[in-house]
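A.B. asks: From first to last, the protein sequence lines stand for chains Z and R.
Position 85 (the first sequence) corresponds to 85 in my numbering; numbering is contiguous.
Position 270 (the second sequence) corresponds to 270 in my numbering; numbering is contiguous.
Check each hint, because a few of them may be wrong.
Claimed, not checked - Okay, the calculated bits of chain R under chain Z, using three or more residues with CB under 8 Å as the criterion:
1) 183-196
2) 456-464
Claimed, not checked - Taking lysine to aspartate or glutamate pairs in the DMTMM-like style, the calculated list, with each CA pair at most 20 Å apart, reads:
3) R:104 to Z:83
4) Z:87 to R:115
5) Z:57 to R:46
6) R:334 to Z:58
7) Z:77 to R:105
8) R:87 to Z:110
9) Z:334 to R:58
10) Z:104 to R:116
11) Z:87 to R:105
12) Z:98 to R:156
Keep in mind that the hints were calculated from the coordinates and are not lab data.
Positions of the beta carbon are idealized from the N, C-alpha and C atoms, including for glycine.
Number of protein chains: 2
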Amino acid sequence: MAKEFSTRAENYSQWYNDLVIKADLAENSAVRGCMVIKPYGFAIWEKMRDVLDGMFKDTGHSNAYFPLFIPKSFFNKEAAHVEGFAKECAVVTHYRLKNSEDGKDIVVDENARLEEELIVRPTSETIIWDTYRNWIQSYRDLPILVNQWANVVRWEMRTRLFLRTAEFLWQEGHTAHATKEEAIAETKQMLDVYADFAENWMALPVMKGTKSPNERFAGAVETYCIESLMQDGKALQAGTSHFLGQNFAKAFDVKFLNQQNQQEYVWATSWGVSTRLMGALIMAHSDDNGLVLPPKLAPTQVAIVPIFKSKEQLEKISEKAVAIKKELQAKGIKVKYDDRDTYKPGWKFSEYEFKGVPVRLAIGPRDLENGTIEVARRDTLEKEIYQQSDIANKVEHLLDKIQNNLYQRAFSFREDKTFKADTWEEFRDIVENKGGFVYAHWDGTPETEQKIKDETKATIRLIPLDDKREEGKCIYTGKPSERRVVFARAY
Amino acid sequence: MAKEFSTRAENYSQWYNDLVIKADLAENSAVRGCMVIKPYGFAIWEKMRDVLDGMFKDTGHSNAYFPLFIPKSFFNKEAAHVEGFAKECAVVTHYRLKNSEDGKDIVVDENARLEEELIVRPTSETIIWDTYRNWIQSYRDLPILVNQWANVVRWEMRTRLFLRTAEFLWQEGHTAHATKEEAIAETKQMLDVYADFAENWMALPVMKGTKSPNERFAGAVETYCIESLMQDGKALQAGTSHFLGQNFAKAFDVKFLNQQNQQEYVWATSWGVSTRLMGALIMAHSDDNGLVLPPKLAPTQVAIVPIFKSKEQLEKISEKAVAIKKELQAKGIKVKYDDRDTYKPGWKFSEYEFKGVPVRLAIGPRDLENGTIEVARRDTLEKEIYQQSDIANKVEHLLDKIQNNLYQRAFSFREDKTFKADTWEEFRDIVENKGGFVYAHWDGTPETEQKIKDETKATIRLIPLDDKREEGKCIYTGKPSERRVVFARAY
Numbered sequence: 001m002a003k004e005f006s007t008r009a010e011n012y013s014q015w016y017n018d019l020v021i022k023a024d025l026a027e028n029s030a031v032r033g034c035m036v037i038k039p040y041g042f043a044i045w046e047k048m049r050d051v052l053d054g055m056f057k058d059t060g061h062s063n064a065y066f067p068l069f070i071p072k073s074f075f076n077k078e079a080a081h082v083e084g085f086a087k088e089c090a091v092v093t094h095y096r097l098k099n100s101e102d103g104k105d106i107v108v109d110e111n112a113r114l115e116e117e118l119i120v121r122p123t124s125e126t127i128i129w130d131t132y133r134n135w136i137q138s139y140r141d142l143p144i145l146v147n148q149w150a151n152v153v154r155w156e157m158r159t160r161l162f163l164r165t166a167e168f169l170w171q172e173g174h175t176a177h178a179t180k181e182e183a184i185a186e187t188k189q190m191l192d193v194y195a196d197f198a199e200n201w202m203a204l205p206v207m208k209g210t211k212s213p214n215e216r217f218a219g220a221v222e223t224y225c226i227e228s229l230m231q232d233g234k235a236l237q238a239g240t241s242h243f244l245g246q247n248f249a250k251a252f253d254v255k256f257l258n259q260q261n262q263q264e265y266v267w268a269t270s271w272g273v274s275t276r277l278m279g280a281l282i283m284a285h286s287d288d289n290g291l292v293l294p295p296k297l298a299p300t301q302v303a304i305v306p307i308f309k310s311k312e313q314l315e316k317i318s319e320k321a322v323a324i325k326k327e328l329q330a331k332g333i334k335v336k337y338d339d340r341d342t343y344k345p346g347w348k349f350s351e352y353e354f355k356g357v358p359v360r361l362a363i364g365p366r367d368l369e370n371g372t373i374e375v376a377r378r379d380t381l382e383k384e385i386y387q388q389s390d391i392a393n394k395v396e397h398l399l400d401k402i403q404n405n406l407y408q409r410a411f412s413f414r415e416d417k418t419f420k421a422d423t424w425e426e427f428r429d430i431v432e433n434k435g436g437f438v439y440a441h442w443d444g445t446p447e448t449e450q451k452i453k454d455e456t457k458a459t460i461r462l463i464p465l466d467d468k469r470e471e472g473k474c475i476y477t478g479k480p481s482e483r484r485v486v487f488a489r490a491y
Numbered sequence: 001m002a003k004e005f006s007t008r009a010e011n012y013s014q015w016y017n018d019l020v021i022k023a024d025l026a027e028n029s030a031v032r033g034c035m036v037i038k039p040y041g042f043a044i045w046e047k048m049r050d051v052l053d054g055m056f057k058d059t060g061h062s063n064a065y066f067p068l069f070i071p072k073s074f075f076n077k078e079a080a081h082v083e084g085f086a087k088e089c090a091v092v093t094h095y096r097l098k099n100s101e102d103g104k105d106i107v108v109d110e111n112a113r114l115e116e117e118l119i120v121r122p123t124s125e126t127i128i129w130d131t132y133r134n135w136i137q138s139y140r141d142l143p144i145l146v147n148q149w150a151n152v153v154r155w156e157m158r159t160r161l162f163l164r165t166a167e168f169l170w171q172e173g174h175t176a177h178a179t180k181e182e183a184i185a186e187t188k189q190m191l192d193v194y195a196d197f198a199e200n201w202m203a204l205p206v207m208k209g210t211k212s213p214n215e216r217f218a219g220a221v222e223t224y225c226i227e228s229l230m231q232d233g234k235a236l237q238a239g240t241s242h243f244l245g246q247n248f249a250k251a252f253d254v255k256f257l258n259q260q261n262q263q264e265y266v267w268a269t270s271w272g273v274s275t276r277l278m279g280a281l282i283m284a285h286s287d288d289n290g291l292v293l294p295p296k297l298a299p300t301q302v303a304i305v306p307i308f309k310s311k312e313q314l315e316k317i318s319e320k321a322v323a324i325k326k327e328l329q330a331k332g333i334k335v336k337y338d339d340r341d342t343y344k345p346g347w348k349f350s351e352y353e354f355k356g357v358p359v360r361l362a363i364g365p366r367d368l369e370n371g372t373i374e375v376a377r378r379d380t381l382e383k384e385i386y387q388q389s390d391i392a393n394k395v396e397h398l399l400d401k402i403q404n405n406l407y408q409r410a411f412s413f414r415e416d417k418t419f420k421a422d423t424w425e426e427f428r429d430i431v432e433n434k435g436g437f438v439y440a441h442w443d444g445t446p447e448t449e450q451k452i453k454d455e456t457k458a459t460i461r462l463i464p465l466d467d468k469r470e471e472g473k474c475i476y477t478g479k480p481s482e483r484r485v486v487f488a489r490a491y
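Let the sequences and hints guide you as you build the complete structure.
C.D. replies: Put into structure tokens, the structure is as follows:
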């Protein structure tokens, strides 16, 4: 199996696209901007979804489901929200087709025009807050801690598999609270959940912070985010958690009777991650030999390949291989024993390498004699001969080691690509020639942020949460600044 | 908590609707025909989904995801399919909104009209077979055993929560095979999976059979179905599995090189169940006191309610209750210990009764003294005093008993409501006055089926799989018939 594809150095963007397609993760569909997520890619997403879902439930949230369609007028109710979301969207105008007059075609039935157009949800704050109005009367009805897993549509002009598609899958949490403090605590809690997931499951180091007003969610008072760094030095926003204040409660008239018997508007949060995380996962760890997956999210964690020339050899090897498979499975490890005789071992080796299977075991006739097994790890491409005894413990340990190594590698990479700039020349040089994150002073105005973006394509990825104050001067205007913010070019 | 609602005898349809809303399962949304599935309802659906998903995986299927939108022209490619599905649907015609001239409103941007309209998927055969064309070259690429969990939209005029909604959630399996025999075997296997799930998880007895041509899926060669009986004597189709022959392969030109090195069209199946199962679950078991859930699908299987007058009493009772809760949880039982002091025990009793929690335990001060506990079962509404010793085993056993009892009760009900009719008068009398399933002879023509439907609203629910031949005369036309089929009025 020749998986000819670009290297990262040659063409990073092409490398990514080739990888997604040739590793059977996803492909473009017949519908512009919409992707097909293939079984192998979906198995990874499914695992991510299940882990996140468990984390949401552990923090007290329940799932629910709200309509795909949102009446057009709902978007008009929150002034900032309509600007951010209602423009590039899929608009349903009719509810029937009919046969054309010549009978050869089907056409839109103009008699079946909707009185009010429906928008395919780009995000669900509006329809959900319209619903919450009926769920909330008193403080006893609060908090509402609800999440939904859903598809959403944003009509993107330039799309890239997983990273930016017209339709994508995501979860959106929408919570309602009696106090501002509780809502802010929820917003921060969910940011921590996302960071925990990114670092401990995806092996992806992230920075936490808030967004500048330019980058804030349309309708939020404050947007918190986690940002990660890809191998081409560009940043990728991996998740956001929004404190919405009372904006949506006011827009949809959602009040509650507080403990002092007074009517008050409800406080809100929303938070989401999407199939975009698949893009981050792929880009963060993979190499010129194909996909590299962190063991905790790999659909197949260990592949066992028998090396044989005859049926008799295969039978003997299989006996041992199946026993090892069972030992590994008893530890909860996902194992595939590939005894197909339609493909050669070499083909299988490169297949599992390309698909990012963390550990490959190979057993041949000599291994049977010697009680050995060949162990190859995907992250370093190293091979080693192990004794078969206690193999399950050894492999379990190796999987942990690989998980940690991927995190450490990504962490070191990010450290090496994180800079400070104190002058405009330094800043430009880093952004254009080195990439990565740049800590720099900024005068705090949207105008300056916009100008920096226009000139360098770098944006403020986040204002760090650590709140380290430091006197300085804006790299662009020279005006006084109280802290550094983090710039980068971004996906 | 007074949950005033209609009885089944008074108004079955109103009873159902009240139940769905007052038990917090679902409600109508601001979008016509689209429902909101509330957290309690979604928790049941989630459990159903997870169990089914496990069964699909155990039979070798993987999940994937295909686009929400389907180009209009795709529907035209399969002649029967377009008639069945392309007419009542949500049509996306534009991809942008803009501010109105007076700036007060947002309106559809007529410059952003799609070249070809997109249909929100009513079912995904067309887009999936368009995709499979690129996945399949040779017999080695077969079978493809893929499922997706998704939302679909059919523009229904008269909607009812869960039973018939414009948008609903479902799974749709789409498989591709090298031979007709293999495809038929797959179709039957998935019917068996559905029947197994209905009977052993939902406690819902089902009949298996094939559909008459009138009721067949648009584009199928043969539709297999499971049919269940609701308490009002109406049938409900709980799942379908379709043998699609080569219809979609021909429509989308999907060929493969077989082992004899010849090009051949691929054989197809599709199969699905939806949130409609929630309607079946609710209607099959519930009573005039509210929801009744089979223990295997209940989000909360056991509720523990403390009976106390003072804080001191509550503390002592809680010690025991928490210990019992842990014992139950150790057995994998979902338990809720409700120690809220904002609601009285009586309120809690009726709340859990209304929400269908299978077993309720109550512990008061006297129980502490006597080492006893009050156990109430939701299915029979019986109460009994148990000794606390070995309580987890006893409750586990009781949950099994309730699960079996619900199945048996529904089974007996169906037996009592299953009739044979040999004359038109008998048939009409049963359909109009008794309800239920009627085994009757039919001359095999769509015309007769249609006339029977026009006169009695009864349709052929299925042609039994058992293939019992019996000479007879069509109840409507008197023409010869070789077997009985099963009629009923249906949801």
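A.B. asks: Does each hint hold? Answer for all of them.
C.D. replies: Hints versus structure:
For the segment 183-196 of chain R, the proposed coverage by chain Z is not satisfied: 0 residues have a C-beta within less than 8 Å of a C-beta in that chain, short of the threshold of three. With 0 residues carrying a beta carbon less than 8 Å from a beta carbon of chain Z, the segment 456-464 of chain R misses the three-residue requirement, and the given coverage is violated. Using a Cα cut-off of 20 Å, the hinted pair residue 104 of chain R and residue 83 of chain Z holds, with the two alpha carbons roughly 13 Å apart. Distance check on the hinted pair: residue 87 of chain Z and residue 115 of chain R sit about 18 Å apart at the alpha-carbon level, within 20 Å; holds.
With a CA separation close to 13 Å, the supplied pair residue 57 of chain Z and residue 46 of chain R stays within the 20 Å bound. The hinted pair formed by residue 334 of chain R and residue 58 of chain Z meets the criterion: a straight-line CA distance of about 15 Å does not exceed 20 Å. Annotation: proposed proximity of residue 77 of chain Z to residue 105 of chain R holds, straight-line Cα distance about 10 Å (limit 20 Å). Straight-line distance between C-alpha atoms of residue 87 of chain R and residue 110 of chain Z comes to about 13 Å, which keeps the hinted pair within the 20 Å bound.
With a C-alpha separation of about 15 Å, the suggested pairing of residue 334 of chain Z with residue 58 of chain R holds against the 20 Å cut-off. With a C-alpha separation of about 16 Å, the suggested pairing of residue 104 of chain Z with residue 116 of chain R holds against the 20 Å cut-off. Restraint check: the Cα-Cα separation between residue 87 of chain Z and residue 105 of chain R comes to about 12 Å, which is no more than 20 Å; the hinted pair holds. Distance restraint check for residue 98 of chain Z and residue 156 of chain R: the Cα-Cα separation of roughly 16 Å lies within the 20 Å cut-off, and the hinted pair is therefore satisfied.
The structure is inconsistent with the numbered hints 1, 2, although it conforms to all the rest.
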